[in-house]
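Colleague: Protein sequence lines, in the order shown, are assigned to chains E and S. With the first sequence counted from 1, adding 630 to any position gets you the working numbering. With the second sequence counted from 1, adding 557 to any position gets you the working numbering.
If you're looking for bench data, these hints aren't it; they were derived computationally from the structure. Yeah, the Cβ is synthetic: ideal placement off N, Cα and C, and Gly gets one too. Don't take every hint at face value.
Now the stretches of chain E that chain S is said to cover, found in silico as 3 or more residues with beta-carbon under 8 angstroms [claimed, not checked]:
{"id": "1", "stretch": "673-682"}
{"id": "2", "stretch": "685-693"}
{"id": "3", "stretch": "761-774"}
Some chain E residues flagged as far from chain S (calculated, every beta-carbon gap over 10 angstroms) [said to hold, decoys possible]:
{"id": "4", "residue": "Lys-660"}
{"id": "5", "residue": "Lys-708"}
{"id": "6", "residue": "Thr-726"}
{"id": "7", "residue": "Leu-739"}
{"id": "8", "residue": "Lys-752"}
{"id": "9", "residue": "Pro-756"}
{"id": "10", "residue": "Asp-779"}
The calculated EDC-like cross-link candidates involving lysine to aspartate or glutamate, where the alpha carbons are at most 16 angstroms apart (straight line), are [stated by the list, open to error]:
{"id": "11", "chain 1": "S", "residue 1": "Lys-694", "chain 2": "E", "residue 2": "Glu-716"}
{"id": "12", "chain 1": "S", "residue 1": "Lys-819", "chain 2": "S", "residue 2": "Glu-843"}
{"id": "13", "chain 1": "E", "residue 1": "Lys-752", "chain 2": "E", "residue 2": "Asp-666"}
{"id": "14", "chain 1": "E", "residue 1": "Lys-737", "chain 2": "E", "residue 2": "Asp-751"}
{"id": "15", "chain 1": "E", "residue 1": "Lys-678", "chain 2": "S", "residue 2": "Glu-843"}
{"id": "16", "chain 1": "E", "residue 1": "Lys-708", "chain 2": "S", "residue 2": "Glu-843"}
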Amino acid sequence: MIHILHRFFFPFLQTHSLQDLRQQAPVAAKVFVQRDYTSGTICQFQTKFPAALETRIDKQQFEDTIRKLNSLYAEAEKLGGRSYLEGCLACLTAYTIFLCMETHYEKVLKKIANYIQDQNDKIYAPRGLLLIDPIERGLRVVEITVFEDRSTGPGR
Amino acid sequence: MSAVMVSRKVTRKWEKLPGKNTFCCDGRVMMARQKGVFYLTLFLIIGTCALFFAFECPYLAVHLSPAVPMFAAVLFLFVVAMLLRTSFSDPGVLPRALPEEATFIEMEIEAANGSVPAGQRPPPRIRNVQINSQIVKLKYCYTCKIFRPPRASHCSICDNCVERFDHHCPWVGNCVGKRNYRYFYLFTLSLSLLTIYIFAFDIVHVVMRSVDSGFVSTLKESPGTYPFDVVICFFTLWSVVGLTGFHTYLISLNQTTNEDIKGSWSGKNRLQNPYSHKNIMRNCCEVLCGPAYPRVSTVKGRSPIAKENGPTPKSKSINPTETISNSKEQDPTPKEKASALKERVSCSKEKRQSSKEQGPPPKEKASAPPLASPDDLTDTFLEKERVH
Numbered sequence: 631m632i633h634i635l636h637r638f639f640f641p642f643l644q645t646h647s648l649q650d651l652r653q654q655a656p657v658a659a660k661v662f663v664q665r666d667y668t669s670g671t672i673c674q675f676q677t678k679f680p681a682a683l684e685t686r687i688d689k690q691q692f693e694d695t696i697r698k699l700n701s702l703y704a705e706a707e708k709l710g711g712r713s714y715l716e717g718c719l720a721c722l723t724a725y726t727i728f729l730c731m732e733t734h735y736e737k738v739l740k741k742i743a744n745y746i747q748d749q750n751d752k753i754y755a756p757r758g759l760l761l762i763d764p765i766e767r768g769l770r771v772v773e774i775t776v777f778e779d780r781s782t783g784p785g786r
Numbered sequence: 558m559s560a561v562m563v564s565r566k567v568t569r570k571w572e573k574l575p576g577k578n579t580f581c582c583d584g585r586v587m588m589a590r591q592k593g594v595f596y597l598t599l600f601l602i603i604g605t606c607a608l609f610f611a612f613e614c615p616y617l618a619v620h621l622s623p624a625v626p627m628f629a630a631v632l633f634l635f636v637v638a639m640l641l642r643t644s645f646s647d648p649g650v651l652p653r654a655l656p657e658e659a660t661f662i663e664m665e666i667e668a669a670n671g672s673v674p675a676g677q678r679p680p681p682r683i684r685n686v687q688i689n690s691q692i693v694k695l696k697y698c699y700t701c702k703i704f705r706p707p708r709a710s711h712c713s714i715c716d717n718c719v720e721r722f723d724h725h726c727p728w729v730g731n732c733v734g735k736r737n738y739r740y741f742y743l744f745t746l747s748l749s750l751l752t753i754y755i756f757a758f759d760i761v762h763v764v765m766r767s768v769d770s771g772f773v774s775t776l777k778e779s780p781g782t783y784p785f786d787v788v789i790c791f792f793t794l795w796s797v798v799g800l801t802g803f804h805t806y807l808i809s810l811n812q813t814t815n816e817d818i819k820g821s822w823s824g825k826n827r828l829q830n831p832y833s834h835k836n837i838m839r840n841c842c843e844v845l846c847g848p849a850y851p852r853v854s855t856v857k858g859r860s861p862i863a864k865e866n867g868p869t870p871k872s873k874s875i876n877p878t879e880t881i882s883n884s885k886e887q888d889p890t891p892k893e894k895a896s897a898l899k900e901r902v903s904c905s906k907e908k909r910q911s912s913k914e915q916g917p918p919p920k921e922k923a924s925a926p927p928l929a930s931p932d933d934l935t936d937t938f939l940e941k942e943r944v945h
């Protein structure tokens, strides 16, 4: 009885593990956050809050996530002493150095992947959402999968 | 809730990539289908340099300096490395939109255009974006079902959208785009140097030998070398050096061949290049020493959602294991097909023009230094959890 009440009143406090979500929850919709090209061809995403997420997540949290992603991508693509040094060194070795060394961009991509995983675990999965790493979509969109709300969806 | 069937199926993502590319070495090597001209390039370079090393270098090493063939060898290896790197790298291919994304974009377009009266042509699919106070039009690609990023273009030969598309080069057997433009430039530059070097030392060799034993007998001693080497070098010189000069000009202005041909930033209608830093050094540094962009057309690992429905829906998508919840893929109307066809025709015309301008054959010799960064492409139905 208490268990049923708990599930009825506190749906969002249930921990949705990512595995759980992916295997069992039906997908209600997918939202695609597009690229923002106003600063040129560097990888930036629009911070405009999609209407489909209004009932699911706080606007500020969403914007924070996107802004953090944008800053990480800006760090990856930053033109500066480090990228020039890497480029020159690579050229001198006929680019064979990349066989043993990871590029700066690849290192930042790993950071981004970790960040997205972290955000999913802490913020998005408990709300029945899932962020897909943009690299899996060709750095074109940030795909957010909206799962059906388990408290209102059909019982299992 | 239906229990989802979970099975592990190992399929390489590059095997499922749409587009007309060929792959080798487990997806590490990516080229266009037509490779005949690339083999010709290789043959010319290897042939010419082999003749130089066989006939002229022994004499020059003894009578001039052993540094002469050594430097030629280093230059030759660099040329080959750059050629193979250009030919085998992913130029910056954009993966096509998955069905849900394509549907999402279609819905946005319909919302933007409103309802079109029957019989009327729908408005062209263009998005306007302001970049550095310049309005840039993003075109919709009917093949890839995406709005192309700025500077991207669809290559009709490879049937892919390529980021920062420069041109499709038959001599390297691949497109030249964001990821391999610097290798292409270094290839043309080093090939120019190699051609000049070999041509110069051919002349030196003839002169030195002629001083010793007379001009006619010099030609008799190595009959094959002179016509072949010198003629090839002479013609290659003008074309490759010209090409290098052209690309140096483009790099200093941060433009692509595609933009130059189309006259995108020629100054007509007050259009200025919004990507240029207005500083030659900065433009050169960005293009040649910028970050090494990752490959996005095929990515390691994750299938986002376990497969619930049957096999892939009709369009070839990169990740067919995605669940399709509400995909209504609309076939393009006949008018849209016609405009897509026009687009392809104009693209291929431009490519033909640009490939004419690129001019004739680089000499090449190849041994095979290893190349583009490997991406391992195992596709599983169940996404593996990342453990930190």
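Colleague: Hey, does E:Lys-660 actually stay past 10 angstroms from chain S on C-beta?
Modeller: 5 angstroms, violated
Colleague: E:Lys-708: least C-beta distance to chain S exceeds 10 angstroms?
Modeller: 8 angstroms, violated
Colleague: With a cut-off of 16 angstroms on the C-alpha distance, tell me whether E:Lys-752 and E:Asp-666 pass.
Modeller: 26 angstroms, violated
Colleague: Does the stretch 673-682 of chain E contain three or more residues whose Cβ lies closer than 8 angstroms to a Cβ of chain S?
Modeller: violated (count 0)
Colleague: Next pair to validate is S:Lys-819 with S:Glu-843; report whether the Cα-Cα distance is within 16 angstroms.
Modeller: Not satisfied, since the Cα-Cα distance of roughly 23 angstroms exceeds 16 angstroms.
Colleague: For the pair supplied as a hint, E:Lys-708 and S:Glu-843, confirm whether the alpha-carbon distance does not exceed 16 angstroms.
Modeller: 10 angstroms, holds
Colleague: Under the criterion that the straight-line Cα-Cα distance not exceed 16 angstroms, is the pair S:Lys-694, E:Glu-716 satisfied?
Modeller: It is violated: about 34 angstroms lies between the C-alpha atoms, which goes past 16 angstroms.
Colleague: Count residues of the stretch 685-693 of chain E with a Cβ under 8 angstroms from any Cβ of chain S, then say if the count reaches three.
Modeller: With 0 residues close enough to chain S, the hint is violated.
Colleague: Taking only the CA atoms, is the gap from E:Lys-678 to S:Glu-843 under or equal to 16 angstroms?
Modeller: Distance ~30 angstroms between E:Lys-678 and S:Glu-843 Cα, so the pair is violated.
Colleague: Please settle this one: E:Pro-756 was flagged as non-interface, so is its CB more than 10 angstroms from every CB on chain S?
Modeller: 16 angstroms, holds
Colleague: According to the definition I'm using, a residue is off the interface if its beta carbon is farther than 10 angstroms from all beta carbons of the partner; does E:Lys-752 meet that for chain S?
Modeller: Holds: least Cβ distance 13 angstroms, greater than 10 angstroms.
Colleague: If we take the beta carbon of E:Thr-726, is the closest beta carbon in chain S still more than 10 angstroms away?
Modeller: 6 angstroms, violated
Going through the hint list in order, the structure does not satisfy hints 1, 2, 4, 5, 6, 7, 11, 12, 13, 14, 15.
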